[in-house]
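**Q** Read top to bottom, the protein sequences are chains E and A.
UniProt numbering applies: residue 1 is where the first sequence begins, and numbers increase by one.
UniProt numbering applies: residue 1 is where the second sequence begins, and numbers increase by one.
Hints listed in this document are in silico derivations from the structure and should not be mistaken for laboratory results.
Keep in mind that a hint or two might mislead.
Claimed, not checked - Just some of the chain A residues that point at chain E, by a computed CB distance under 7 Å:
#1 Arg41
#2 Phe42
#3 Val46
#4 Glu48
#5 Val49
#6 Val55
#7 Glu56
#8 Thr59
#9 Met60
#10 Leu92
#11 Ile93
#12 Asn96
#13 Lys99
#14 Ala100
#15 Phe101
#16 Asn327
What the hints assert, rightly or not - Under the rule of at most 20 Å between Cα atoms (straight-line distance), these lysine to aspartate or glutamate pairs were calculated in the DMTMM-like manner:
#17 Lys223(A) - Glu194(A)
#18 Lys40(A) - Glu220(E)
#19 Lys167(E) - Glu147(E)
#20 Lys87(E) - Glu64(A)
#21 Lys87(E) - Glu56(A)
#22 Lys19(E) - Glu45(E)
#23 Lys332(A) - Glu154(A)
#24 Lys253(A) - Glu204(A)
#25 Lys32(E) - Asp115(E)
#26 Lys335(A) - Glu154(A)
#27 Lys87(E) - Glu75(A)
#28 Lys223(A) - Asp244(A)
#29 Lys40(A) - Asp228(E)
#30 Lys214(E) - Glu48(A)
#31 Lys40(A) - Glu222(E)
#32 Lys87(E) - Glu63(A)
#33 Lys214(E) - Asp115(E)
#34 Lys264(A) - Glu288(A)
#35 Lys227(E) - Glu37(A)
#36 Lys227(E) - Glu48(A)
#37 Lys299(A) - Glu37(A)
#38 Lys87(E) - Glu67(A)
#39 Lys68(A) - Glu206(E)
#40 Lys214(E) - Glu56(A)
We put the CB at the ideal spot given by N, CA and C, even for glycine.
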Amino acid sequence: MIWLGIETSNSPLSIAIVKDGQIVEEIVQNEKLTHSVTVMPTIEELFRKANLNPADLDAIAVSEGPGSYTGLRIGVTIAKTLAWTLKKPLVGVSSLQVLAANGQGFAGVICSLFDARRQNVYAAAYDGETMQPVIQDHHNSIGGLLEQLQLLNTPVLFIGLDAVNFKEVITAQLGNQAIFASTSLALPRGSKLIELAQKQSLPSVEEVHNFVPKYHRITEAEANWIKDQKKGQ
Amino acid sequence: MNDQYILAIETSCDETAAAIILNGREIISNVVASQIESQKRFGGVVPEVASRHHVEQITMIIEETLEKANMQPSELTAVAVTEGPGLVGALLIGINAAKAFAFAHSLPLIPVHHIAGHIYANELVEPMQFPLLALVVSGGHTELVFMKEHGSFEVIGETRDDAAGEAYDKVARVLNMPYPGGPHIDRLAHEAEEGVEFPRAWLEENSYDFSFSGLKSAVINYKHNMDQRGEEIDPQKVAKGFQDSVVEVLTTKTLRAARQYQVKQVIAAGGVSANKGLRTSLEQAFEEAKISFVVPPLKLCTDNAAMIGAAAAHMYNAGVRGNLAMNGLPGKELKSWI
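Produce the entire structure from the sequences given, and follow the hints as far as they go.
**A** The following block contains the structure:
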C-alpha cells in the first residue's frame with residue numbers, strides 16, 4: 001500500500017511517501033516559500049527518487065485544516081485533483097492533530113495551535129497517550145483557550161511554530177502547567193499525517209469531489225451578510 | 001498531422017471553467033460553473049468566497065468536461081490554464097489542479113494570459129485576419145490590442161482607472177440594480193428615447209487610453225443633485241446617458257485606431273462585448289468603414305475555458321510550455337509569445 005501525504009496548512013511544507021508502513025521519502029521544510037511554486041515540483045522529485053509513477057499510488061492523505069486559507073486550498077486542490085484523476089481514495093486529517101502527533105507519548109495533554117492574528121488562535125488539545133481530542137479543533141481567543149486548558153488541571157505540552165508567539169501570556173496564565181515542545185517537533189510531518197490517515201476507514205473514490213478544506217471560519221463577507229439578513233427580519 | 005486536443009482550465013475570477021478544444025478551432029466540450037448566485041449577495045465578487053467555490057467545483061467541472069467530450073486523459077495533447085491576470089487566490093486553484101492533472105498523466109502544461117484567451121475566443125468563430133485590432137472590455141479590463149500576427153500583442157490603449165465593466169457595475173448600484181449590473185443597464189438604456197447628458201472622457205488628442213471614473217462620478221453627482229432637490233431620477237434615461245457615453249468613446253477610439261494601424265479585422269472580446277448597445281454601435285461603425293468586424297457569441301464573451309484552449313493551441317504549436325513550478329500571476333502583462 002503506497003500513500004502520498006501532503007501538508008501545506010501553514011507556511012511549512014511537508015510531503016511524504018509511505019509504503020507498507022515504512023517512510024520511503026519525506027521532506028520537511030520551513031523556508032517560507034510559496035506553496036504554489038514548491039508543492040508540485042517537490043512531489044515530482046519524491047516520486048522520481050522513489051522510482052514510482054503517479055499511478056502506483058493507493059491512497060492520498062492531506063491536512064484539511066485549519067490553517068492558512070490559501071495554503072489549505074493549494075494542498076487540497078492538488079490532493080483532490082490527483083485522487084480524482086487517478087481514482088484513489090482521499091483522506092483528510094486535522095492539521096492540528098498532525099502537528100500534535102509530534103508530541104505523542106507526552107504524559108498530559110498536547111495543545112497544538114496556529115496564530116490566527118489579533119490574539120486569536122486555531123487550536124485543539126489531545127490526550128498525549130491516545131491522541132484522542134480533549135478539546136476539538138476550533139477558533140478562539142488565546143485567553144479563551146488558556147482558560148479551557150487550565151481547567152484540565154494536567155500538564156500541557158504546547159507545540160508548533162506559533163506557540164512561542166504566545167509564550168508570555170501562556171506562562172502568565174498556566175505557570176508550571178505549561179511545557180513548550182522543542183523546536184525539532186515544531187514542524188508538521190507528512191509521515192505523521194499518513195500515520196493518522198491510516199487509522200481512518202478509506203472513503204470511496206466518489207467522495208473525492210465533495211472534499212473541501214475545513215477553514216473553521218466563514219468568510220467576513222458571509223458573516224456580514226448573515227448579520228444583515230437577521231437585521232432585516 | 002495528428003489532431004491536437006487541449007484541456008483548458010480557467011478560474012481567474014468567479015467562474016470555474018474547463019473545456020476541450022480540437023486543433024485550436026473546435027469546441028469539443030465547454031463547461032462553466034458560475035458563482036453569480038452566491039456573489040450577488042455581496043454586490044460584487046468577494047475573492048475569498050470565489051476561491052472557496054473554486055475548490056468545491058474544480059474536479060467536478062474537469063470531470064464533466066471529459067465526460068461530455070467522451071475522452072480519456074491519455075487522449076489529450078496538453079493541459080492549458082489561465083496564469084493571470086486575475087484574483088490570485090482564484091487563479092491558484094485552476095493552476096494547481098492543472099499541474100496535478102498534468103503530473104498524473106505526464107502531459108505538457110501551457111500557461112495562458114487571460115486577455116489573450118478573450119481575444120482568441122474569436123478563433124472559435126472564424127479564423128482571425130491580420131493585422132488585427134482587438135477591443136477587450138470586461139469587468140476587469142478595457143484595452144485596445146494590436147496584433148500583427150498570431151502570438152504578437154501590442155497594447156496601444158488601456159484604462160487609466162476603472163474598467164468599463166466596473167463602471168457599469170458601480171452605476172448599476174447607484175440605480176439599485178443587482179450585480180452584475182451590465183445587462184440591467186443595457187436593458188434600461190434601450191427603454192429610453194433620450195438619455196441624460198453625461199461627459200465623454202477623450203483624454204489627450206492622440207491617446208487610445210480610456211477613463212471611466214469621471215463618468216461614474218458624473219452619474220453619482222447627478223443622482224445626488226436630484227436627491228437634494230427632492231426629484232426622482234429616471235433610471236432609463238440615466239442608463240441611456242451613461243451607456244451612450246461609454247459606447248461612443250469605445251467605438252470612436254477603436255475606429256480611429258483601426259484606421260491608423262490599417263487593420264484587416266477588428267474583434268471585440270470580454271464580458272462587456274456581450275452588451276447590445278456596444279455591439280450594435282461597433283457593427284455599424286465598421287460596416288461603414290468597410291473593415292471586417294467579429295464578436296464572439298455571448299457565451300464566449302464572458303469568462304470561459306474554451307477561449308483559453310484556443311489561445312493555448314497556438315502557444316503549443318509555437319513551443320510555449322509551462323512547468324510544475326508555475327504560480328498565479330495576478331498582474332501578468334500581455335506579452336507576445338513569438
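**Q** Where does the structure disagree with the numbered hints, that is, which hint numbers, in rising order?
**A** none
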